[in-house]
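> Could you build all of it, start to finish, from the sequences and the hints given here?
Those protein sequence lines, which keep their order, are chains V and B. Going by the working numbering, the first residue of the first sequence is number 1, and it counts up by one from there. Going by the working numbering, the first residue of the second sequence is number 1001, and it counts up by one from there.
Calculated from the structure, these hints are not laboratory results. There could be a bad hint or two in this list.
[What the hints assert, rightly or not] Okay, the calculated beta carbon distance ranges per label pair:
| # | chain 1 | residue 1 | chain 2 | residue 2 | range |
| --- | --- | --- | --- | --- | --- |
| 1 | V | Ile228 | B | His1207 | 41 to 47 Å |
| 2 | V | Ile30 | B | Gly1165 | 35 to 41 Å |
| 3 | V | Thr223 | B | Asn1134 | 48 to 54 Å |
| 4 | B | Ile1242 | V | Arg28 | 43 to 49 Å |
| 5 | B | Asp1022 | V | Leu239 | 58 to 64 Å |
| 6 | V | Trp12 | B | Asp1194 | 45 to 51 Å |
| 7 | B | Asp1115 | V | Asn220 | 16 to 22 Å |
| 8 | V | Gly8 | B | Ile1196 | 51 to 57 Å |
| 9 | B | Lys1132 | V | Phe27 | 18 to 24 Å |
| 10 | V | Leu239 | B | Glu1091 | 38 to 44 Å |
[To be verified] One side of the interface only, derived from the structure: several residues of chain B facing chain V at Cβ under 10 Å:
| # | residue |
| --- | --- |
| 11 | Val1066 |
| 12 | Gln1069 |
| 13 | Val1072 |
| 14 | Gly1073 |
| 15 | Met1074 |
| 16 | Gln1099 |
| 17 | Arg1101 |
| 18 | Gly1105 |
| 19 | Gly1111 |
| 20 | Phe1125 |
| 21 | Leu1133 |
| 22 | Arg1175 |
| 23 | Thr1176 |
[Said to hold, decoys possible] In silico DSSO-like cross-links for lysine-lysine, where the CA-CA straight-line distance does not exceed 30 Å:
| # | chain 1 | residue 1 | chain 2 | residue 2 |
| --- | --- | --- | --- | --- |
| 24 | B | Lys1076 | V | Lys221 |
| 25 | B | Lys1029 | B | Lys1088 |
| 26 | V | Lys221 | B | Lys1038 |
| 27 | B | Lys1038 | V | Lys11 |
| 28 | V | Lys221 | B | Lys1158 |
| 29 | B | Lys1141 | V | Lys221 |
| 30 | B | Lys1158 | B | Lys1141 |
| 31 | V | Lys221 | B | Lys1103 |
| 32 | V | Lys221 | B | Lys1032 |
| 33 | B | Lys1158 | V | Lys107 |
| 34 | B | Lys1098 | V | Lys221 |
Glycine included, each C-beta is placed from N, C-alpha and C at the ideal position.
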Amino acid sequence: MAEQAITGWRKWAEGIGEQCIFFSRFFRNIFTGGFEWSEFVRQCYEIGYRSMMLVGITSFIMGLVLIVQLRPSLVELGAASMLPKTLAVSLIREIGPVITAIICAGKIASSIGAELGSMKVTEQIDAMEVSGANPLQYLVVTRVFATSIMVPLLAIIGDVIGLFGGFLALNITDNISLSLYFTKCISSLDFSDLLPAVVKTVFFGFAIGFVGCYKGYHSNKGTESVGIAANSAVVTASLWIFVIDAIAVQITSLLFYH
Amino acid sequence: MKAADQHNETKKQIPAKAKKQDEVVIHAKGLKKGFVDKEVLRDITFDLKRGENMVILGKSGQGKSVTIQCIVGMLKPNAGELTVFGEKVAELNDEELKQLRIKIGFLFQSGALYDSMTVRENLEFPLTRVLKLNDQQEIDKRVEEVLDGVGLLDAIDKLPSDLSGGMRKRVGLARTMIVKPEIMLYDEPTTGLDPITSREISELILHLQEKYKTSSVIITHDMECARITADRVLVMDNGEFIAEGSFKELQKSDNKIVRSFFNQEI
Ligand SMILES: Nc1ncnc2c1ncn2[C@@H]1O[C@H](COP(=O)(O)OP(=O)(O)OP(=O)(O)O)[C@@H](O)[C@H]1O
Ligand SMILES: [Mg+2]
Chain V
1 MAEQAITGWR
11 KWAEGIGEQC
21 IFFSRFFRNI
31 FTGGFEWSEF
41 VRQCYEIGYR
51 SMMLVGITSF
61 IMGLVLIVQL
71 RPSLVELGAA
81 SMLPKTLAVS
91 LIREIGPVIT
101 AIICAGKIAS
111 SIGAELGSMK
121 VTEQIDAMEV
131 SGANPLQYLV
141 VTRVFATSIM
151 VPLLAIIGDV
161 IGLFGGFLAL
171 NITDNISLSL
181 YFTKCISSLD
191 FSDLLPAVVK
201 TVFFGFAIGF
211 VGCYKGYHSN
221 KGTESVGIAA
231 NSAVVTASLW
241 IFVIDAIAVQ
251 ITSLLFYH
Chain B
1001 MKAADQHNET
1011 KKQIPAKAKK
1021 QDEVVIHAKG
1031 LKKGFVDKEV
1041 LRDITFDLKR
1051 GENMVILGKS
1061 GQGKSVTIQC
1071 IVGMLKPNAG
1081 ELTVFGEKVA
1091 ELNDEELKQL
1101 RIKIGFLFQS
1111 GALYDSMTVR
1121 ENLEFPLTRV
1131 LKLNDQQEID
1141 KRVEEVLDGV
1151 GLLDAIDKLP
1161 SDLSGGMRKR
1171 VGLARTMIVK
1181 PEIMLYDEPT
1191 TGLDPITSRE
1201 ISELILHLQE
1211 KYKTSSVIIT
1221 HDMECARITA
1231 DRVLVMDNGE
1241 FIAEGSFKEL
1251 QKSDNKIVRS
1261 FFNQEI
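Structure follows, in structure tokens:
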């Protein structure tokens, strides 16, 4: 029993060590020159294209649902006119980024994990390495950069769609015009809402790309390890998203809300 | 007439070859490699000379693949000496290892084609990423030339998933050869192929050796392939080489393990 626990912990510690090494290799490769532009653009397109629909639909429903849920309490407080502001702040500060990131973790981290995992299993990564090419540059740097850029973009699009969903819900009961609604939303937001939210999503995107690549790149040889890589990429990336979110909230509140 | 020509050609080559013949490109002495739970290589000793085709025979799981993975630095031996072109592989840094790997071609058992790329892109990859060529005309020329060499020019725009096993092997071979490596390591180049395709691949290996003067290590279970390609055969058992000689010499061997390989053919 105790022995099992110890090997468990040792595995975990070794995993952390491996991730640090992988990170430093990744980091060195950013600066070695020869950025793979065409692969990067292809990845951006793939990532955006694969997740756009899903992010759009979920954000729309989130905006809609939030308004329906918030309305009774705010009406009771006599603050029904605060609805757009409340929605805008909660959606943009927190719910939009996190929902988008979680969806991307499920969609993108898993597919990167599975893709690199199967390249590992079929010896494609070994072949690249042995040929003297740089698989880290070609496969990892491009994907991590692509997710770091595309996840914030998706989050912004998701925010807008979410606000629109809120508008539809509000319009049923309150008969507010679209332009008035969006004016209210935008005027209630300031720099301290937008900037941290965007910065946070860059880190979410980084975590998604990095974890996906790490899990795929370090998967074992054997067909079942592709599934394991994809699965643990999702789990680990989601966990990282919440950890980063917790840290980000602390930092933002220190910097802006005092 | 043809035979006489060939004879002449081999004769002509002798002086040129003799000069470099004794140059050792891979030198391994007392290599040991074990994994967590078992010892795989116990005492691997061999020299590969320039321009030579060396065949390694051995049962499954004896450590043949591990041996050639040590040569390219994918695995680090636990003990022993291993030099390639006079450089100690274990002591090279990343950049030096990369430079060494450019001179070594490694044909994976599976072919290891990049399955998101077409055949053309597969072949361009080492040219643009390893040799850093920019001139598209030159790239096209080399791709078409090498693909023609393996007889697959009409598959140039296909994806690996649309190719048969034998075609994949040949594309893999083309991709490794396109950078004109000085040493080729073949991991079971003919396994899983029908006798006719196997023979074609074996002859291709021989042809490439003659054309580019490469030195090769060929791992195989296929005696026909060994017979066609080998200048020298080594038999591996239990992490050691137990017999060495030309194909003809080993055919006469009375060692039980060696016999078991050669008997399957008769
Ligand atoms: N990376 C590794 N980690 C742990 N064990 C390994 C690793 N690579 C190989 N082995 C073990 O080393 C032994 C030799 O493997 P190797 O692949 O060299 O066999 P082989 O002689 O090439 O056999 P085959 O003809 O089936 O390809 C096997 O028992 C294998 O389990
Ligand atoms: Mg093998």
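> It remains to establish, for every hint, whether it holds in the given structure.
Status of the hints after comparison with the structure:
1. V:Ile228 - B:His1207: 41 to 47 Å: Hint holds: Cβ distance 43 Å, inside 41 to 47 Å.
2. V:Ile30 - B:Gly1165: 35 to 41 Å: 38 Å, holds
3. V:Thr223 - B:Asn1134: 48 to 54 Å: 39 Å, violated
4. B:Ile1242 - V:Arg28: 43 to 49 Å: About 44 Å separates the Cβ atoms of Ile1242 (chain B) and Arg28 (chain V), which means 43 to 49 Å holds.
5. B:Asp1022 - V:Leu239: 58 to 64 Å: At 60 Å between Cβs, range holds.
6. V:Trp12 - B:Asp1194: 45 to 51 Å: At roughly 48 Å between Cβ atoms, Asp1194 (chain B) and Trp12 (chain V) fall inside 45 to 51 Å, so the hint holds.
7. B:Asp1115 - V:Asn220: 16 to 22 Å: Since the Cβ atoms of Asp1115 (chain B) and Asn220 (chain V) sit about 19 Å apart, the hinted range of 16 to 22 Å holds.
8. V:Gly8 - B:Ile1196: 51 to 57 Å: 53 Å, holds
9. B:Lys1132 - V:Phe27: 18 to 24 Å: 23 Å, holds
10. V:Leu239 - B:Glu1091: 38 to 44 Å: Holds, since Leu239 (chain V) and Glu1091 (chain B) (Cβ atoms, about 40 Å apart) stay within the stated range.
11. Val1066: This hint is violated: Val1066 (chain B) lies away from chain V, its Cβ roughly 13 Å from the closest one there, beyond 10 Å.
12. Gln1069: 9 Å, holds
13. Val1072: 5 Å, holds
14. Gly1073: 8 Å, holds
15. Met1074: Holds: closest Cβ of chain V sits about 6 Å from Met1074 (chain B), inside 10 Å.
16. Gln1099: 7 Å, holds
17. Arg1101: 4 Å, holds
18. Gly1105: Check passed: Cβ of Gly1105 (chain B) comes within 8 Å of chain V, closer than 10 Å.
19. Gly1111: 9 Å, holds
20. Phe1125: 7 Å, holds
21. Leu1133: 13 Å, violated
22. Arg1175: At 8 Å from the nearest chain V Cβ, Arg1175 (chain B) passes the 10 Å test, so the hint holds.
23. Thr1176: Hint on Thr1176 (chain B): holds, closest Cβ of chain V at ~8 Å, below 10 Å.
24. B:Lys1076 - V:Lys221: 18 Å, holds
25. B:Lys1029 - B:Lys1088: 12 Å, holds
26. V:Lys221 - B:Lys1038: Since the Cα atoms of Lys221 (chain V) and Lys1038 (chain B) sit roughly 18 Å apart, the hinted pair holds (cutoff 30 Å).
27. B:Lys1038 - V:Lys11: 20 Å, holds
28. V:Lys221 - B:Lys1158: Holds: Lys221 (chain V) and Lys1158 (chain B) sit about 27 Å apart, inside 30 Å.
29. B:Lys1141 - V:Lys221: Roughly 36 Å separates the two Cα atoms, so the pair is violated.
30. B:Lys1158 - B:Lys1141: 18 Å, holds
31. V:Lys221 - B:Lys1103: With a Cα-Cα distance of about 27 Å, the restraint between Lys221 (chain V) and Lys1103 (chain B) holds, given a limit of 30 Å.
32. V:Lys221 - B:Lys1032: 23 Å, holds
33. B:Lys1158 - V:Lys107: The given pair, whose Cα atoms are some 28 Å apart, holds under the 30 Å limit.
34. B:Lys1098 - V:Lys221: The given pair, whose Cα atoms are some 23 Å apart, holds under the 30 Å limit.
Comparing the model with each earlier hint shows violations of hints 3, 11, 21, 29; every other hint is respected.
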